[in-house]
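Participant: Residue numbers (the numbering used here), protein chains in the order written: chain C, 2 to 406; chain V, 13 to 246.
Hints are supplied without guarantee of correctness; some may be wrong.
Claimed, not checked - What follows is a list of derived Cβ distance ranges for each label pair:
#: 1; chain 1: V; residue 1: His208; chain 2: C; residue 2: Leu382; range: 47 to 57 Å
#: 2; chain 1: V; residue 1: Ser91; chain 2: C; residue 2: Thr226; range: 55 to 65 Å
#: 3; chain 1: C; residue 1: Thr368; chain 2: V; residue 2: Ser156; range: 39 to 49 Å
#: 4; chain 1: V; residue 1: Ser148; chain 2: C; residue 2: Lys10; range: 21 to 31 Å
Don't read these hints as lab results, they were simulated from the structure. All values reported here derive from a predicted model rather than from experimental measurement. Positions of the beta carbon are idealized from the N, C-alpha and C atoms, including for glycine.
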Amino acid sequence: MWIVQLAWKNLWRNANRTMITMAAIFFAVLLSILMSSLKTGIFDNLIKDMVGYYSGYIQVHQAGYWEEQLLDNCFEENSEIQRKIRSHSQVREISPRLESFALASTGELSKGCLVLGINPVQEQSITHLSEKIVKGRYLSSNDLGILVSEGLLKRLKSYVGDTLVLFGQGYHGSTAAGKYPIQGVIQLGSPELNDKTIVMPLALTQDLYSATNMITSYVLSLQDTDDLMAIQSSLEKKLGKAYEVMTWQEMMPDIKQHIETDSANMKYVQAFLYLLISFGIFGTLLIMMAERRYELGMLVAIGMKKSKLSLLLLFESLFTVIVACILGILASIPVVYYLHKYPIRIYGEGAKAYERFGFEAVFPTSTDYHHFVNQGIAVLLIGLILSMYPVIKIIHLNPVDSMKK
Amino acid sequence: MDNTVIDAHNISKIYNKDNIPVYAVNNVHLHVEKGEFTALVGPSGSGKTTLLNLIGGLDLPDEGNITINGKDITQMSPSELIDFRLKNIGFVFQSFNLIPVLTAKENVEFIMQLQGIELKKREQRIYALFEQIGLSDKLDSRPSQLSGGQQQRVAVARALASKPKFILADEPTANLDTQSANNLLDIMYKLNQEEHMTFLFSTHDQRVIDRAKRVITLVDGRIVSDTAKQNLPA
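Extracted from the complex, chain C is given alone in its bound form (with noise of 0.2 Å):
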């Protein structure tokens, strides 16, 4: 116990070099722990946009829809399908679409646009699409009216309670054309499908496309989206060949890839910043071993055993470290949290360039406790790796050699 007194004492002999290391990892968990939660924060709001909000986590089509994205690859809607993804465990809801291309006019002006045929209210409890709504009001099934995407709003110049043409092909060559009032507005936080987008009832869709009670594709809503490849691979055994089980992953590789990417080069920033501390932590240790050479010599003279010594320096290493992370992950808490509720955003060109990507340049932070107790289990780790540094010397210690002045 004394020895941890007196290792608490030490600290305090050179505050102001205790005080400036103590600050390098203060300043190095908060920048480190804002940098992880930014990170997950940002390719969490990036899978929540696009996934989220259109994909879904998983989707069923028939076998060989992906390659071909044809009307014509659609199914029929199938109760037993139904049942059987239903009795997956981790499945906790599934909405039918019928998806399919339609360019869409008003007066003079017309735009290619993506149709989504849904079912508003199974819909509904998987992307929560009600609370994309910016105008007028969201589907029901018998409805005969149109959700247009704000950006493709804007294109046609177009109005709530105005009326579109959808003019495109149907199921099986037919032509497929109808007038459709516009009932509301989204606003999808992918600026590409914020472009292009409408939303229309299923029956309604399946009408306009003369594909009677046919859908391209069931989404999937999970309980627990960790293990998307079990999930996908059990859900294949289940439905058989004849259909298509498919992952965020697979059907949006470019996503996938982006948060790879990014995540390679997050973790060297991350790799830089540890290298930061780790010289900060090292340098202060060099001087103070420097600074004590004399004192260390002296206490293995006067019979202080070596690993006493070791662990004295142990402790102060351990202390110096331990209340810079505890006050780094407290002060990063609020940061944090603030961040995530009033996220960076960023305007004009720099927005134009993650929205040439198909990204909203919308920055949120990740309040999962990992990042700050992660953060904080590395900068200890590194801490504790580095505190081996005065043990070594220590063992290496020779009084005579560490006295002479």
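Since the structure of chain C is already known, use the hints to place chain V on it.
Facilitator: Same frame as chain C, but now just chain V:
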């Protein structure tokens, strides 16, 4: 009864062995008995500190052996030597070397904590020692709040705290003014006279040499004279 505390036989310490060997200590025989108050004198570079380091087990001789209280310290491992020093030898250094973050009392207590002595006994011994060095009113002072002389007296108390067989002091008065040096010498001399504590110190200081009962002179690592005094000043 054998009163031998230090018995060094033919000890030599050689530096630069591979090229031109330099004998810091050259074939020295030294025999110190309990209760001696011995000064090791000689010019700078004569080997005083090296000899003290060898006797204190801080360094090992290249030749010869050293027996402290009947135990050959040249055969001990580094770890055994640390333990042996803790239990048998008190050290007083030229530059005081108190731990700056501890009070005077804690500095003295520190050595007893290393020995694992229980709190009650530590307290009793600390008060007795501070009484002896005349600093009972400075128990809670930090080294920075003490004068050089007071710090060196605390260092003596620390050296005595472990109840050593003898005390090695390397130029203990070198950094002290006359008054402080005299006070320190009075305390050391009193401990020697009343408790028969053995002192062996290296020094250039004539005041210390004058008070020593035995003066050993080293030149170029060899003992050139070893004189026991008959009439000492009080």
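Participant: Give a verdict on every hint.
Facilitator: Evaluation of the provided hints:
1. His208(V) x Leu382(C): 47 to 57 Å: Check passed, 55 Å falls within 47 to 57 Å.
2. Ser91(V) x Thr226(C): 55 to 65 Å: Holds - the Cβ-Cβ distance for Ser91(V) and Thr226(C), about 57 Å, lies within 55 to 65 Å.
3. Thr368(C) x Ser156(V): 39 to 49 Å: holds (48 Å)
4. Ser148(V) x Lys10(C): 21 to 31 Å: holds (23 Å)
Every hint, counting from the list given before, is met by this structure.
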